[in-house]
Amino acid sequence: MHRWNPYLVGVGIGVLSWAAFAIADKPIGVTTALSQCSGVVARPIIGSEGVRANAYWARNPPAWDYGTLFLFGIALGSLVAAAASRDLKIEVVPAVWRERFGWSPGGRLLAAFVGGALVMYGARMADGCTSGNGISGSLQLAVTGWTFFITMFITGVATARLMFGRGRPHG
Amino acid sequence: MGSNMAFPLTGSAGLILAVAFGFLFGLLLERGGLANYNTIVNQFRLKDFTVLKVMLTAIVVGGVGVLVLHHLNLAAYHIKPANMLGVVLGAAIFGVGIVVYGYCPGTGIAAIATGSAHALVGLFGMLAGGVAYALSFPWIDAHVLRVAALGKVRLPEVTGMSDWAWFALLTVAAVLVFVAIERIEPRR
Chain X
1 MHRWNPYLVG
11 VGIGVLSWAA
21 FAIADKPIGV
31 TTALSQCSGV
41 VARPIIGSEG
51 VRANAYWARN
61 PPAWDYGTLF
71 LFGIALGSLV
81 AAAASRDLKI
91 EVVPAVWRER
101 FGWSPGGRLL
111 AAFVGGALVM
121 YGARMADGCT
131 SGNGISGSLQ
141 LAVTGWTFFI
151 TMFITGVATA
161 RLMFGRGRPH
171 G
Chain V
1 MGSNMAFPLT
11 GSAGLILAVA
21 FGFLFGLLLE
31 RGGLANYNTI
41 VNQFRLKDFT
51 VLKVMLTAIV
61 VGGVGVLVLH
71 HLNLAAYHIK
81 PANMLGVVLG
91 AAIFGVGIVV
101 YGYCPGTGIA
111 AIATGSAHAL
121 VGLFGMLAGG
131 VAYALSFPWI
141 DAHVLRVAAL
151 GKVRLPEVTG
161 MSDWAWFALL
171 TVAAVLVFVA
181 IERIEPRR
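Top to bottom, those sequences are chains X and V.
Under this note's numbering, the letters of the first sequence match residues 1 to 171, in that order.
Under this note's numbering, the letters of the second sequence match residues 1 to 188, in that order.
Calculated from the structure, these hints are not laboratory results.
Check each hint, because a few of them may be wrong.
As the list claims (entries may be wrong) - Far from chain X, by Cβ distances over 12 angstroms, these chain V residues were calculated: (1) VAL41; (2) VAL172; (3) ALA180.
Claimed, not checked - Sample of chain V residues at the chain X side, in silico, Cβ under 7 angstroms: (4) LYS53; (5) ALA132; (6) VAL147; (7) GLY151; (8) LEU155; (9) TRP164; (10) GLU182.
Claimed, not checked - Which bits of chain X does chain V cover? Going by a derived footprint, with three or more residues having C-beta under 8 angstroms, they are: (11) 6-19; (12) 24-35; (13) 54-62; (14) 72-84; (15) 96-108; (16) 115-124; (17) 153-159.
Please read all numbers here as calculations on a predicted model, not as lab measurements.
For every residue, glycine included, the Cβ atom is placed at its ideal position computed from N, Cα and C.
Take these sequences, add in the hints, and give me the full structure.
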């Protein structure tokens, strides 16, 4: 169904940021909480002791706190929005990938896994992702926010050029 | 943090707010078409500028409001330390990853909820990436994060230009960018 105007969605996220700062004292962010979740995943591998002893997870211990509940809220909000607008559908190979690499799901799923790992590793090294650095950091005029935004845009465009080529004017 | 807050919310009220704010964020991402692989990848192919429109608008609108709230002592800033080598390297890796995955972390989670199976596989990748980062953290901390560490700096301090001047400049720049991309963006 018809999407909302992107400028209005941007205004909505901006206003949501006001509330997030003023009421919750927590800027919008995703990957700090995701790294807490990865601590849970690591428990069977390196043990609870290993997770507790890790210098990184000691700073971001796995817990049901504001950050992880915010992630749960994202999934819930997206589910309700998609259901209300008949936008729910099982998708394995999206259209843009299919046009370039074909129907086979193997390559797409492998790329999703590897890309997901890169996204998370990069976001943790930069101390924030598109939300925490790109939006919340940039709106506070943080040096990290704008550095992140501009740098990831450059390597993203270069990666898209390598993967998809110049492409036709209408893709 | 938040010592100058008028009404700091903690405990269970804060946790309910977390779900509520996350809900609104997820709803906006989905309705904006951002919980969609094609939208994200086509931004980096410079064929669909939805991501840029949403982000720049959110930054300008959000930033002006948070600046006012900050002046009224109703909001505290949360500035991340500018460990420049870490931010540049991390963002560079992130830019590759976002195109290969087709989502950023937030939009990936939103996409899983709409039925994207490949976004779910990517979540497992993100968790693996999180494990890899935590395990390599001592080395990264010593060799990357301490290089060109400028502290919690903001553009007004670095440039000597005021907050208001920055937002005036960003607003003009955003409007010019929007006018330009509305002209060049392929019609769908």
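For each hint, the structure was consulted:
no., hint, in the structure
1, VAL41, "5 angstroms, violated"
2, VAL172, "15 angstroms, holds"
3, ALA180, "15 angstroms, holds"
4, LYS53, "4 angstroms, holds"
5, ALA132, "6 angstroms, holds"
6, VAL147, "12 angstroms, violated"
7, GLY151, "9 angstroms, violated"
8, LEU155, "4 angstroms, holds"
9, TRP164, "11 angstroms, violated"
10, GLU182, "10 angstroms, violated"
11, 6-19, "holds (count 13)"
12, 24-35, "holds (count 9)"
13, 54-62, "holds (count 4)"
14, 72-84, "holds (count 11)"
15, 96-108, "holds (count 4)"
16, 115-124, "holds (count 10)"
17, 153-159, "holds (count 7)"
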